[in-house]
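Peer 1: These protein sequence lines are chains E and D, in that order.
Residues in the first sequence are numbered from 1 upward in steps of one, following the UniProt record's numbering.
Residues in the second sequence are numbered from 1 upward in steps of one, following the UniProt record's numbering.
Hints may be right or wrong, so weigh each one.
List time: in silico DSS-like cross-link candidates among lysine-lysine, alpha-carbon distance up to 27 Å [said to hold, decoys possible]:
(1) E:K117 with E:K47
(2) D:K146 with D:K84
(3) D:K117 with D:K205
(4) D:K239 with D:K250
(5) E:K117 with E:K203
(6) D:K47 with E:K203
(7) D:K47 with E:K205
(8) D:K205 with E:K250
(9) E:K203 with D:K84
(10) E:K371 with E:K146
(11) E:K84 with E:K72
(12) E:K203 with E:K47
(13) D:K84 with E:K205
(14) D:K239 with D:K47
(15) E:K371 with E:K84
(16) E:K47 with E:K72
(17) D:K47 with D:K84
(18) D:K305 with E:K205
Simulated from the structure, these hints should not be mistaken for laboratory data.
Remember, predicted model here, so these are calculated numbers, not experimental data.
Number of protein chains: 2
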Amino acid sequence: MLGARLVSPKVAHHSLRLPADLPLDSGQTLPRPAVAFETVGELNADKSNAILICHALTGDQYVASQHPLTGKPGWWQRMVGPGKPIDPERHFIICSNVIGGCMGSEGPASPHPEDGKPWALRFPVITIADMVRAQAGLLDMLGVEKLLAVVGGSMGGMQAMQWAASYPHRLRSVLVIASAARHSAQNIAFHEVGRQAIMADPKWKNGAYGAGEGPAKGLAVARMAAHITYLSEAGLTAKFGRHLQQGDVKSFGFDADFQIESYLRHQGMSFVDRFDANAYLYITRALDYFDLAEGYSGQLAHAFKATSARFCVISFDSDWLYPTAESRRIVQALVAAGRHASFVELNSPFGHDAFLLETPGLTEVVDGFLKAVEQEP
Amino acid sequence: MLGARLVSPKVAHHSLRLPADLPLDSGQTLPRPAVAFETVGELNADKSNAILICHALTGDQYVASQHPLTGKPGWWQRMVGPGKPIDPERHFIICSNVIGGCMGSEGPASPHPEDGKPWALRFPVITIADMVRAQAGLLDMLGVEKLLAVVGGSMGGMQAMQWAASYPHRLRSVLVIASAARHSAQNIAFHEVGRQAIMADPKWKNGAYGAGEGPAKGLAVARMAAHITYLSEAGLTAKFGRHLQQGDVKSFGFDADFQIESYLRHQGMSFVDRFDANAYLYITRALDYFDLAEGYSGQLAHAFKATSARFCVISFDSDWLYPTAESRRIVQALVAAGRHASFVELNSPFGHDAFLLETPGLTEVVDGFLKAVEQEP
Numbered sequence: 001m002l003g004a005r006l007v008s009p010k011v012a013h014h015s016l017r018l019p020a021d022l023p024l025d026s027g028q029t030l031p032r033p034a035v036a037f038e039t040v041g042e043l044n045a046d047k048s049n050a051i052l053i054c055h056a057l058t059g060d061q062y063v064a065s066q067h068p069l070t071g072k073p074g075w076w077q078r079m080v081g082p083g084k085p086i087d088p089e090r091h092f093i094i095c096s097n098v099i100g101g102c103m104g105s106e107g108p109a110s111p112h113p114e115d116g117k118p119w120a121l122r123f124p125v126i127t128i129a130d131m132v133r134a135q136a137g138l139l140d141m142l143g144v145e146k147l148l149a150v151v152g153g154s155m156g157g158m159q160a161m162q163w164a165a166s167y168p169h170r171l172r173s174v175l176v177i178a179s180a181a182r183h184s185a186q187n188i189a190f191h192e193v194g195r196q197a198i199m200a201d202p203k204w205k206n207g208a209y210g211a212g213e214g215p216a217k218g219l220a221v222a223r224m225a226a227h228i229t230y231l232s233e234a235g236l237t238a239k240f241g242r243h244l245q246q247g248d249v250k251s252f253g254f255d256a257d258f259q260i261e262s263y264l265r266h267q268g269m270s271f272v273d274r275f276d277a278n279a280y281l282y283i284t285r286a287l288d289y290f291d292l293a294e295g296y297s298g299q300l301a302h303a304f305k306a307t308s309a310r311f312c313v314i315s316f317d318s319d320w321l322y323p324t325a326e327s328r329r330i331v332q333a334l335v336a337a338g339r340h341a342s343f344v345e346l347n348s349p350f351g352h353d354a355f356l357l358e359t360p361g362l363t364e365v366v367d368g369f370l371k372a373v374e375q376e377p
Numbered sequence: 001m002l003g004a005r006l007v008s009p010k011v012a013h014h015s016l017r018l019p020a021d022l023p024l025d026s027g028q029t030l031p032r033p034a035v036a037f038e039t040v041g042e043l044n045a046d047k048s049n050a051i052l053i054c055h056a057l058t059g060d061q062y063v064a065s066q067h068p069l070t071g072k073p074g075w076w077q078r079m080v081g082p083g084k085p086i087d088p089e090r091h092f093i094i095c096s097n098v099i100g101g102c103m104g105s106e107g108p109a110s111p112h113p114e115d116g117k118p119w120a121l122r123f124p125v126i127t128i129a130d131m132v133r134a135q136a137g138l139l140d141m142l143g144v145e146k147l148l149a150v151v152g153g154s155m156g157g158m159q160a161m162q163w164a165a166s167y168p169h170r171l172r173s174v175l176v177i178a179s180a181a182r183h184s185a186q187n188i189a190f191h192e193v194g195r196q197a198i199m200a201d202p203k204w205k206n207g208a209y210g211a212g213e214g215p216a217k218g219l220a221v222a223r224m225a226a227h228i229t230y231l232s233e234a235g236l237t238a239k240f241g242r243h244l245q246q247g248d249v250k251s252f253g254f255d256a257d258f259q260i261e262s263y264l265r266h267q268g269m270s271f272v273d274r275f276d277a278n279a280y281l282y283i284t285r286a287l288d289y290f291d292l293a294e295g296y297s298g299q300l301a302h303a304f305k306a307t308s309a310r311f312c313v314i315s316f317d318s319d320w321l322y323p324t325a326e327s328r329r330i331v332q333a334l335v336a337a338g339r340h341a342s343f344v345e346l347n348s349p350f351g352h353d354a355f356l357l358e359t360p361g362l363t364e365v366v367d368g369f370l371k372a373v374e375q376e377p
């Protein structure tokens with residue numbers, strides 16, 4: 001059975017408070033939200049080397065530095081670092097925690113400006129476009145007018161596309177990896193299972209749980225369900241198959257007999273140590289609401305009309321969360337909009353998570369694309 | 001949020017108690033278990049017209065008659081009835097609730113013979129082969145020595161294959177629909193999410209909940225997660241897409257905005273009215289333990305060596321729970337074992353659930369196969 005652990009110990013994050021209130025798609029306003037971020041490298045004299053990295057659902061700003069809660073290395077050190085495609089010696093790299101998140105940016109666990117108690121469900125429901133609006137506010141404060149590139153995998157890719165639609169003249173290139181321009185019914189269904197698992201946990205208390213007292217079991221179940229969608233069936237079979245924990249002995253009970261069970265339980269339990277349950281509700285909602293074409297009468301190409309950025313779209317053949325067909329749809333719209341768009345489908349057994357892992361060809365493609373953009377006038 | 005409802009009101013089921021204790025794969029013994037069943041049609045004079053239908057994970061014996069809890073028609077009236085492929089005017093049709101179930105056969109909600117209280121987790125963990133052993137005991141009591149056919153979809157198909165291995169001389173034909181000869185890592189993973197959702201619900205009480213007081217919310221979440229696997233992505237998109245409940249108005253809250261959310265919640269909530277949470281644990285465990293080749297040194301073909309039954313294996317192209325590749329593996333083993341095996345992959349947008357729905361070709365294939373078997377000497 002899943003154990004209950006602490007939900008989110010307090011740590012200090014590097015953050016700025018936006019100078020103005022943030023208007024939201026819902027019609028509400030977020031009063032001067034905090035935006036937590038990390039930067040690596042330095043902005044050059046003509047301010048032409050800034051790259052914004054957008055993180056995925058459960059990611060955060062610690063893209064290239066040790067995570068303060070888990071102690072693990074940055075989540076994209078394969079891609080970001082000296083000699084890597086996104087290189088602090090060449091680039092000014094910015095990664096910010098999305099609003100609605102729980103790593104320092106304004107979110108449901110942040111203190112409400114009026115009473116200092118957590119926002120909890122008083123926090124307004126936000127969208128991918130709201131996240132991007134907050135990032136644009138951060139860039140203003142950092143003195144970055146135009147990005148060399150906006151780069152993201154999964155939900156990060158959605159933000160990258162939203163950037164092209166919301167701020168078409170503030171970017172020279174867009175890199176979209178393992179993503180989709182809308183959430184499908186199946187995507188929404190999996191998220192709804194996770195939300196219901198959280199909300200079914202009596203410790204959720206309609207969102208008003210105390211720090212460290214949240215719905216750990218519900219959140220762990222939500223993570224387990226989601227985690228299955230990040231891996232491919234073939235990858236699971238290769239890694240775990242039907243291997244038992246104890247040689248070839250079945251317990252004939254409900255302990256974790258199979259290695260895959262033990263692995264999933266571990267994924268669920270370790271997640272609750274670093275993530276806030278309400279933040280999970282808000283961010284999954286933002287993802288489910290995402291349909292970039294919606295604001296353009298259902299014409300996805302129209303979302304890409306105003307920008308002149310170059311695009312690179314990358315998918316993985318074993319990704320069934322945001323399958324290649326979704327990337328193809330994006331590329332079709334891009335080309336129809338007159339954009340330069342490169343499309344690469346990479347071979348990987350690792351499913352959706354391939355964008356975070358060692359995937360042959362991935363760093364080369366990102367490297368080649370960014371260097372080509374840099375060499376353009 | 002999911003509401004709590006009654007878990008399993010008491011109803012009377014037609015059942016027999018086996019004349020002897022039932023030995024189990026675990027090494028334990030089930031003292032004279034009750035087996036609930038329904039029969040339709042009559043056994044003919046030479047006892048050659050009996051067909052056993054095996055039900056799926058959440059199915060039951062009400063294959064052709066109104067369900068006593070839901071009031072819905074029998075779950076396979078498309079296939080079973082006058083003029084249908086399995087026809088009470090020609091066949092003696094038997095369908096029994098699996099042991100471990102909750103519709104009258106001995107299961108965790110049944111009274112323990114010693115103290116009359118529910119078995120709960122004292123119930124031994126059972127396997128697919130144990131279910132089949134109980135069915136064989138029932139057939140003995142009904143005077144059926146040899147089956148014209150054993151037929152099943154999903155977990156029912158696993159029982160059908162197990163029949164061929166356990167009682168090779170008691171059947172003339174085997175019909176396996178939308179099934180697999182083993183549970184994959186991904187299959188186990190989804191079940192483990194469901195089990196953890198149930199066990200995370202404080203009302204589960206380590207299985208010792210009272211009648212009508214079970215972990216309804218946890219069970220509903222388990223059902224929601226499982227239900228996604230029964231449908232195809234394309235089917236979900238066609239049926240629900242991103243359609244909202246209220247025209248084009250988003251609530252910017254956590255109510256069921258999308259039709260798919262509302263549908264899933266309904267699936268979860270209506271399930272807890274007819275199913276016992278502990279039974280769900282036991283039956284998913286039996287499925288996860290299933291690997292027919294395991295008892296034959298990993299050689300699936302050897303499981304089919306002893307029988308001379310004819311086989312028909314049917315898969316659906318959009319089924320990702322037990323995909324066509326698993327059926328292909330079964331057929332390969334059957335032919336390698338020297339069996340006559342027909343293999344049909346049907347086109348359907350409905351995913352795994354296609355075996356329960358109106359699927360072009362399905363009744364014709366079942367009808368043709370059974371009639372051919374009947375006409376053989």
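Peer 1: What hints, given by number in increasing order, does this structure fail?
Peer 2: 1, 6, 7, 9, 12, 13, 14, 16 and 18
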